[in-house]
Amino acid sequence: MNNNSCQTCGTDVSRRDFLKIAGASTCGIAVAALTSGEALASSNEGLPLEEHKAMLYDSTVCIGCKQCEAACKLDNNLAEEDVNDLSGNTFTIIKEYISEDGTESAFRKYQCMHCVEPSCVASCPVAALTKLGDGPVVYDEDVCIGCRYCMQACPYGVPAYDWSQAYPLIRKCDLCYDRPEGPACAETCPKGALIYGKRGELIQMAKERIALNPDKYYENRVFGEHDGGGTSFLILAAVPFEKIGLPPLGNESLPSHTHTATSVVPGLFAGVAGLMSSIYIRTKDNEDDDLHEGGTT
Amino acid sequence: MQKKIIDELRDMPKFVYVLAMLVAFGGAVGIYRLYAGLGATTNLSKAYPWGIWISFDLSTVALSGGAFTLAALVYVFHMHNLHAAVRPTVLAGLLGYTSVLIILFMDLGRWDRAYHFLIYPNLNSALFEVSWCIALYSSILVYELSPVLLQNTKWKGAIPVLEKYTVPMVIAGVSLSTLHQSSLGTLFIVMSARLHPLWHSMLLPIFFLISSLASGLALIIAGATVSRWVFKRSLPQKLIAKLGWFLPWILGVYLVLKLGELEVTDELHYLFTSGKYSVLFISELVFGMIIPIIMFSRKEVRHSRNASMIGAFFVMAGVVLNRFNASWFAIQPLQGVEAYKPHWMEVAILVGVASGVFLAYTLIGRYFPLFDETIKIDEPKHAPKLIAATE
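Respectively, the protein sequence lines represent chains A and B. First residue of the first sequence: 578, per this note's numbering; consecutive thereafter. First residue of the second sequence: 876, per this note's numbering; consecutive thereafter.
Read the hints as simulated data drawn from the structure, not as lab findings. These numbers come from a predicted model, not from an experiment. Just to be clear, a hint being listed does not mean it is correct.
[Stated by the list, open to error] Lysine-lysine pairs mimicking DSS-like chemistry, simulated, CA-CA at most 27 Å apart:
hint: 1; chain 1: A; residue 1: Lys820; chain 2: B; residue 2: Lys889
hint: 2; chain 1: A; residue 1: Lys650; chain 2: B; residue 2: Lys889
hint: 3; chain 1: B; residue 1: Lys1216; chain 2: B; residue 2: Lys889
hint: 4; chain 1: A; residue 1: Lys861; chain 2: B; residue 2: Lys1039
hint: 5; chain 1: B; residue 1: Lys1113; chain 2: A; residue 2: Lys861
hint: 6; chain 1: A; residue 1: Lys643; chain 2: B; residue 2: Lys921
hint: 7; chain 1: A; residue 1: Lys820; chain 2: B; residue 2: Lys921
hint: 8; chain 1: B; residue 1: Lys1113; chain 2: A; residue 2: Lys672
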């Protein structure tokens, strides 16, 4: 046994050592706080991105039969209602876009996009929304406080609120994450417009379709490969994406913008506190002068 | 005893009764809201999940910024000749934050789980940070105000002990305020799809922080004048002038940053081409920044009670308009969705809570030593003893 070290920590701590230890641990806490944001983000990653559960929706194949809507309602036990948007009882909806002159039309399936870096997950103050390691963005209804920041943050307008309830919850598609066969909607689609699979393979499949018909698809790209940092719900369309309600987001995820601001928080706190303390000490001597000064300019 | 209470009630100014009635009505509607849910009592919707309550919260937090700004000037920068303003301003700040907490509670769909933000942290969330900062800072304001509440009670022996730690508490309060004032701006960074580009900016946290300094100082200035009307007590005009002196500098930085950001991001053309949004934005610039900058640059204005008050109201109106714009007016509508207009119950609850703030301020001002260091306003204007005039 090494008695020496024991002695050092047990009895022989000088004032200077103590200050060193205190200083080091303060720095340690600051560093831990600074890096915790990163750690939290990475602990969720789980499977590599190409292995994530995903769906490919080919708008040019969809005939708008809405069997996917019905399957979703059935599987999730949702009440019938007459709405034209996602809602507390509608996790997916097919809408048809028709251009003003009537020459162009397309279907679009609205549902949660299951972003690679979801805004809702980053925004939720109580972490009721999480991104599972294999892709789906899911919601813990026992934790949610109903602040509705996720609804504000989602660029696709997906999270819906069950306004009719006295104690409402957020409602949205969870990619049927606990259903062994995969999402009910994809299973039902009679045309193969909606395909469930691994994200990497689906992107590959989409690109093959584009290669086969180079002029058919808008911008010859699949929406969600990179848009807004990427999604697990991938979309092919013949019309411009904006026309079917897909916002131009660029390739960076929305939370990455906010993260710049939130990640400086611990440093800012320490910085302001340190600055204030040093100003306090430096201006202490002026105290008496200031009392008699009184002027304004 | 009974007679004493009745006499006391008779002696109250009439507006106290009006405020009390508004509080009672708002309180009743508030209880109904908690029982019936948000759908039945608000016009919030999927397209507008946040409404007038959030705009109120943002505005009130900005105005309450006076408390941390003044505490920093007095206790950290050692400008002790501003000390007389501390108590009234800290009370205004505390009541402001209390009203925000009440309205936030109303706004939570699951108010029964309000404490969840304490036990289910998401460190990445700006809203998580804001909630913590507001909760902690409200406690610090209670601490800062405690001498006022304890002074005439049997617990006054605790005051010297409490005051020993005032400076560290003030520094913690300033740090927390810096964080949440700016983080309230961070909340809207993620909303780039809906918030009009004239307001949406990566600098939103900085804009929110700077404007809270300006509106906080303006609140102290305007409050000094209002308290002359209500309590016949105010701050020496010299102090008001001193506070006013800061405003052109703060607002100047704010104005330059706002326009500079638009220029850098190539969004300056929206300034005149966005219809209603242009009007709202230019109103902020002209009434909230340019006019007060010109006013408070002039010595005559700073040394005139009424002119200072008018200038201060411009500043506050500009910042309040900014918060309403960022959270409501400049949120662009979705196709086929009717724009949000608050339900009367939302307004009634808001009016009730705001009336509660004024009622509490009036009553605390009446029964507690809030204005000990201020001057009686009909006194001749000899150089006032600034520190602890009553001791």
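Worksheet item: What are the numbers of the hints the structure violates, in ascending order?
Response: As far as the earlier hints go, 1, 2, 3, 8 are violated by this structure, in ascending order.
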